[in-house]
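On the provided structure of chain A, position chain B as indicated by the hints.
Okay, here's what each chain looks like letter by letter:
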Amino acid sequence: MKISARRVETATILDVSGNIDMSNSPEVRKALLREIREKGVTRVALNLTGVAYIDSSGVASLVEGLKASRESGSRFVLFGLSDSAREVLKISRLLKLFEVYDDETQAIAP
Amino acid sequence: MNPIAAKQPRDMNKSSKVTRAFLLKLELRSHPTLLCVIRGALQPLVEMLGFSAEHNREIIRAVDEAVANIMRHSYQGRLDQPIEVYCNRLQRRTNGEIEQGVEVLLFDCGPAVDTTKLEARPLDEVRPGGLGLHIIRGSMDTVQYKRAGRLNRLRLVKYARTSKGECGSAEEKPS
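Residue numbers (numbering that gives the first Met the number 0), protein chains in the order written: chain A, 0 to 109; chain B, 0 to 174.
If we strip away everything but chain A, and leave its shape as in the complex, we get (with noise of 0.2 Å):
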């Protein structure tokens, strides 16, 4: 799995390719929490094009970074959904507690 950061305006967009699991997803929650709580960028879109597996421990990164947006009064929003990223979201009930967008244009839409 790689995670990368780029900045588009005035967000800053985390790429991550291959998968996410048990074995990876605390790097997630570091380049999350990275952006949100020490860089305090006011809007973070996490790319998952390239992710075509999620599991819970991946689920729960999403979750830390969505907390912490909300403490820190950023946006926290995805783009690119797997099928089986949006039913890992789905059948956990997170789905609908997510900013979910098709793409980076709309991810990063004023």
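Be aware that a few hints might be false.
Unchecked claim - Taking lysine-lysine and the DSBU-like style, the derived pairs with C-alpha atoms no more than 30 Å apart in a straight line are:
id, chain 1, residue 1, chain 2, residue 2
1, A, Lys66, B, Lys145
2, B, Lys116, A, Lys66
3, A, Lys66, A, Lys1
As the list claims (entries may be wrong) - Here chain B is said to cover these stretches of chain A; the calculated rule only asks that three of the stretch's residues, wherever they fall, bring their Cβ under 8 Å from a Cβ of chain B:
id, region
4, 14 to 21
5, 72 to 79
6, 96 to 108
Hints listed in this document are in silico derivations from the structure and should not be mistaken for laboratory results.
Each residue gets a CB set at the ideal place from its N, CA and C atoms; glycine is no exception.
Okay, now just chain B, sitting in the frame of chain A:
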């Protein structure tokens, strides 16, 4: 830690846990980097058994979460402990129609599971963690835990064409 270099695990074969031939048997250590290996091995198997793409994902997700739970809870993060996964085809006849299914058995040598703690947490509470069991139960038709001698055994079953709750209402047998 390199799982290949891990010390040999305790012998799980001392217990005659499985007496019939299985389509697939995996032996692995409790190292999280091996989760992708399990998913990769299961993918072609469930495709071969004729499940839909959505059911494939559910089966793989359930097994992945179950193995991750063994690593996290039964072995408490130790990386070199033994886990065995067996997969087999099931068939059952319901209303004159044959349904294809898959049975997955998972064994570990951890301490006996406190079954009172096998309840999935309420999902109305938004917090990280505790979702694995809910995902397993939501993905499979049957989830059964049993202490088998010194081993923990988790049995997961899913049928290709069935509605939730019907499992067990018809005769099932390995095919």
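Results for each hint:
The straight-line distance between the Cα atoms of Lys66/A and Lys145/B is roughly 37 Å, outside the 30 Å bound, and the hint therefore fails. Distance hint between Lys116/B and Lys66/A is fulfilled; the C-alpha atoms sit about 26 Å from each other, no more than 30 Å. In summary, the hint linking Lys66/A to Lys1/A is supported, as the alpha carbons are separated by about 23 Å, within the 30 Å threshold. Only when three residues or more bring their CB closer than 8 Å to a CB of chain B does the claim for the region 14 to 21 of chain A stand; here the count is 3, and the claim holds.
A stretch counts as covered by a chain when three or more of its residues have a beta carbon under 8 Å from one of that chain; for the region 72 to 79 of chain A and chain B the count is 0, and the coverage is violated. For the region 96 to 108 of chain A, the stated coverage by chain B is violated: 1 residues have a C-beta nearer than 8 Å to a C-beta of that chain, whereas at least 3 were required.
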